[in-house]
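2 protein chains.
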Amino acid sequence: MATVIGGASGGSSPSIFIFLERSTMKTPATFYHAGCPVCVEAEHQIAEALDPDRYEVELVHLGEQKDRIAAAEAAGVKSVPALVINGAPFHINFGAPMSALKS
Amino acid sequence: MATVIGGASGGSSPSIFIFLERSTMKTPATFYHAGCPVCVEAEHQIAEALDPDRYEVELVHLGEQKDRIAAAEAAGVKSVPALVINGAPFHINFGAPMSALKS
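Residue numbers (numbering that gives the first Met the number 0), protein chains in the order written: chain A, 0 to 102; chain B, 0 to 102.
Treat the hints with care, as some may be off.
As the list makes no split between identical chains, a pair holds if one copy fits it or if it spans any two.
No more than 16 Å apart at the CA atoms, straight line, and that leaves these computed lysine to aspartate or glutamate pairs for EDC-like [stated by the list, open to error]:
(1) Lys101 / Glu57
(2) Lys25 / Glu55
(3) Lys25 / Glu63
(4) Lys25 / Glu57
(5) Lys25 / Glu47
(6) Lys101 / Glu72
(7) Lys101 / Glu47
(8) Lys25 / Asp50
(9) Lys101 / Asp66
(10) Lys101 / Glu63
(11) Lys25 / Glu42
(12) Lys25 / Glu72
(13) Lys65 / Asp50
(14) Lys65 / Glu40
(15) Lys25 / Asp66
If you are wondering where the hints come from, they were derived from the structure by calculation, not from laboratory data.
Pulled out of the complex, with its shape left as it was, chain A reads as follows:
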């Protein structure tokens, strides 16, 4: 969507400032972790490095939010930390297997 906010009349031709508002629909990115050292580093270095203009990052601690384990497994997550973007699971290094979270 384009928003015209007025012009500057200085100089020969009027300049009109048009601010094009980029689509604000952000891609959801879910970072599943269990609070382990590998998880914390991946969170700081990768989850927090995603472009905030294009991605809405949700951090999910599966050790504390056991109700989210089923959704993580349904998305293909087999270990944590893992980032799910556009339905695709990306396991980052290896912190712990999902089985360890279910005990």
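Since chain A is already given, all that's left is putting chain B on it; use the hints.
Frame of chain A, contents of chain B only:
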């Protein structure tokens, strides 16, 4: 650093546009891959998702740039695809072991 680029004289008080230039020192992020399907997906979904304002992403195809294998291993990369940020290696899923790239 602040750059004053002039003002608009419309309205009661002159408005001065000050564009504050944020620090342009970007963090280097090296994405090592070998062109495999796992690599290509990780490249599109993660390497390209990093915030371009804060990160300078370099894509390195280790199958083609064999001279970069030593540096990747020195950074702790053991398989590809892998992203190295601030000297820390993050293996993303599993595409191929480094040994496969050295044959």
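Check the structure against each numbered hint from earlier and tell me which ones fail, lowest number first. 1, 3, 7, 11, 12, 13, 14, 15
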